[in-house]
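**Student:** So the protein lines, in turn, are chains L and P.
Under UniProt numbering, think of the first position of the first sequence as 1, with each following residue one higher.
Under UniProt numbering, think of the first position of the second sequence as 1, with each following residue one higher.
Hints may be right or wrong, so weigh each one.
Copies of one chain are not kept apart here, so a pair can be met inside one copy or by any two copies together.
To be verified - The calculated DSS-like cross-link candidates involving lysine-lysine, where the alpha carbons are at most 30 Å apart (straight line), are: (1) K328 / K122; (2) K42 / K122; (3) K24 / K159; (4) K42 / K328; (5) K24 / K122; (6) K328 / K87; (7) K24 / K170; (8) K379 / K42; (9) K379 / K328; (10) K328 / K170; (11) K379 / K170; (12) K379 / K87; (13) K24 / K379; (14) K170 / K42; (15) K328 / K24; (16) K122 / K379.
If you're looking for bench data, these hints aren't it; they were derived computationally from the structure.
Predicted model only: the values in this text are computed from it and were never measured.
Number of protein chains: 2
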Amino acid sequence: MDNFTFHNPVRLIFGQGQIAQLSKEIPTGARVLFAFGGGSIKTNGVYDQVVAALQGAGLHWAEFAGIEPNPRYETLMQAVELARREKLDFILAVGGGSVADGCKFIAAAIPFVGDPWDILAKRARITQAVPMGIVLTLPATGSEMNCFAVVSRDETHEKLSFGHPAVWPKFSVLDPHSTYSLPPRQLGNGIVDAYVHVLEQYLTFPAAAPLTDRLAEAVLSTLVEIAPRAMANPPDYQARANLMWCAAMALNGLVGSGVPQDWATHYIGHELTALSGIDHARTLAAIWPGVMALKFEAKKAKLAQYAERVWNIRDGSEDERALAAIAKTRAFFESVGVPTGLSSYDLPADIAAQIAGRLAARHQAPLGEHGDIDSAMVKRIVEAA
Amino acid sequence: MDNFTFHNPVRLIFGQGQIAQLSKEIPTGARVLFAFGGGSIKTNGVYDQVVAALQGAGLHWAEFAGIEPNPRYETLMQAVELARREKLDFILAVGGGSVADGCKFIAAAIPFVGDPWDILAKRARITQAVPMGIVLTLPATGSEMNCFAVVSRDETHEKLSFGHPAVWPKFSVLDPHSTYSLPPRQLGNGIVDAYVHVLEQYLTFPAAAPLTDRLAEAVLSTLVEIAPRAMANPPDYQARANLMWCAAMALNGLVGSGVPQDWATHYIGHELTALSGIDHARTLAAIWPGVMALKFEAKKAKLAQYAERVWNIRDGSEDERALAAIAKTRAFFESVGVPTGLSSYDLPADIAAQIAGRLAARHQAPLGEHGDIDSAMVKRIVEAA
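Isolated chain L (complex conformation):
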């Protein structure tokens, strides 16, 4: 086990009817920026529940609609201007991971002195942020229980991340009912996103951390168990509830405690989304098999453990079990409607070279838990997809 610090101060408020708790969780007298996405919350009842809670607490609020998937810097800066102009001092993000991530950036940008783009592009030092809370409607990114965010910028085709303790959500409300209206594509993406978050922290090499391993396997096994029910129509409360709980646990720091981590799939996937607009989870499902193929020797001990513990594969050599687990994982992603390659997308011929070049230029490669996935390997991984 490696040394680690685990710290996660988010108050997770979970279950049916919990949106009403907002009236107690938002500070009395706060002036709230109520930010959301494309407006689905107006048809599924979430908007009305939030408004009722804000009104019940006698809070002033201003609405900001239109935070898009892969939240755009240009859009978020409009919210920053609104908040500065109206002296809003609490941010309520209502939506999925994109709204949550976008609001973390807004929270940090409002009091930032200088060009807020530097927070992402130059990792400029943040000293404070406006406090924020989340009402989650799409289980996927885990943003509801971490202090990280990913933001995109149109003009430069960049997708960049930042993280800071100042943007820990004070609370996140997770009501499984608020996921009922999700289209299957978003639900399948969410399942894959949460699953790959765990794989990035788990599929490396044995590190004498059996508890952390089992916590990761707990999330993976549960996602495999509940995915068919979570995808089914009509929605199943218990399946959606466990999916929400899994997605939060997948990226709140616990399953990465004391172990090496990979994240190559994510770095490559972010570039692919930035260049092509492909959904985040779809880039992960497409890129992941190539990372496994290229790093098979380094990862096969852990892959064989994963095969046994999550997929109940006990027969065959270590290589055979490891390969079978990769095949099972691809089949699982496909079962929730997410392709595990890029052949169905219209991409430029030099996409692999572009991605490799961009990662190298930003000094983000070499990647992986051994720091040995260089630009040439990145290119091969994307070509394999």
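Chain P: place on chain L using the hints.
**Tutor:** Same frame as chain L, but now just chain P:
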């Protein structure tokens, strides 16, 4: 899954050499109450590391030694007087769960207006507490990662608990090396204590919470796996590290998220310790089989799941698998040196009636996840032990 709120703001600083982090974690200029137990930290190097960190940060501190197992109200009030007299404004607890629990009480009692015993006896309202941090030397109670404490009072033979967000530790430092000098009895007790903490939250009835179930099974399976190595001499860093991580995870709120909980074994065990002085973990190991026997029908579905997932028992009827799991659990406790009955202790003949009467008088019975373990059943459970 039941509705729940999960919130745990403790900063867990884990690994070798981490005691030095104290110099960064304790606020600059703090006046520290450095509290510890019987002095074992002076022989195992922990005291010296703490002093070096305090000196390095230029902090003022006063020492308070002698917090005993099952920390006594009478002792703790001496520390309260010291802290009030010397205007100490940060508490550093260095030791096991008893020191941690005792310091939570000290933290709440220092600013308390009125008789601090009311915090325990009358659940008097706490509005504030002196901030505290922990350096853990004995993995067992989970106090390092929760806001609960248990305190005993000699004159009334009472052992009472309280919990409040004001006594969350700001941080807990867990260096596995600091457990190396533990005698086998304390180590075995610690393993049983952590294990029973999970059982109390897990062995109830199925509640459609497969992720929380698997998190619990992760802790149990890991304790079973590492216990022999953790008990072995010389100590094994990885086994001790995983034991510390398991004990923290066993009672930090996660494995109880969204599920019913029992705690009958603990309520009965606390009375037994208060009346007889038997080690806390030993009362748990002695009482638990009786609770399982009496509530077998209500618990057997979950016991059978436990049999399969933790003990790999897959043959036989549900009843047979459930019974086999109980037997395996008893054998596990015995394997770390903890008896699973009371026959080796010298106890008054009416101990069962005394315990049942005390729980009833304090309105703590009926107990259990169904609230149906009444005084007569408590008596039978203790008699069975």
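**Student:** Now tell me, hint by hint, if it's right for this structure.
**Tutor:** Hints and how they fare:
1. K328 / K122: Answer is neither: 40 Å inside a copy and 57 Å across each miss the 30 Å cutoff.
2. K42 / K122: So K42 and K122 fail the 30 Å test inside a copy (37 Å) and across (47 Å) alike.
3. K24 / K159: neither (35 Å within a copy, 34 Å between copies)
4. K42 / K328: neither (38 Å within a copy, 54 Å between copies)
5. K24 / K122: Only across copies: K24 and K122 sit 26 Å apart there, 37 Å inside one copy, limit 30 Å.
6. K328 / K87: Neither. Shortest intra-copy (52 Å) and inter-copy (62 Å) distances fail the 30 Å Cα cut-off.
7. K24 / K170: So K24 and K170 pass the 30 Å test inside a copy (12 Å) and across (24 Å) alike.
8. K379 / K42: For K379 and K42, the Cα distance exceeds 30 Å both inside one copy (43 Å) and across copies (57 Å).
9. K379 / K328: Classified as within; 25 Å inside a copy, 53 Å across copies.
10. K328 / K170: neither (38 Å within a copy, 43 Å between copies)
11. K379 / K170: neither (40 Å within a copy, 46 Å between copies)
12. K379 / K87: neither (47 Å within a copy, 63 Å between copies)
13. K24 / K379: neither (51 Å within a copy, 43 Å between copies)
14. K170 / K42: within (24 Å within a copy, 40 Å between copies)
15. K328 / K24: Answer is neither: 45 Å inside a copy and 46 Å across each miss the 30 Å cutoff.
16. K122 / K379: within (25 Å within a copy, 67 Å between copies)
Violated hints, in rising order: 1, 2, 3, 4, 6, 8, 10, 11, 12, 13, 15; the structure is consistent with all others.
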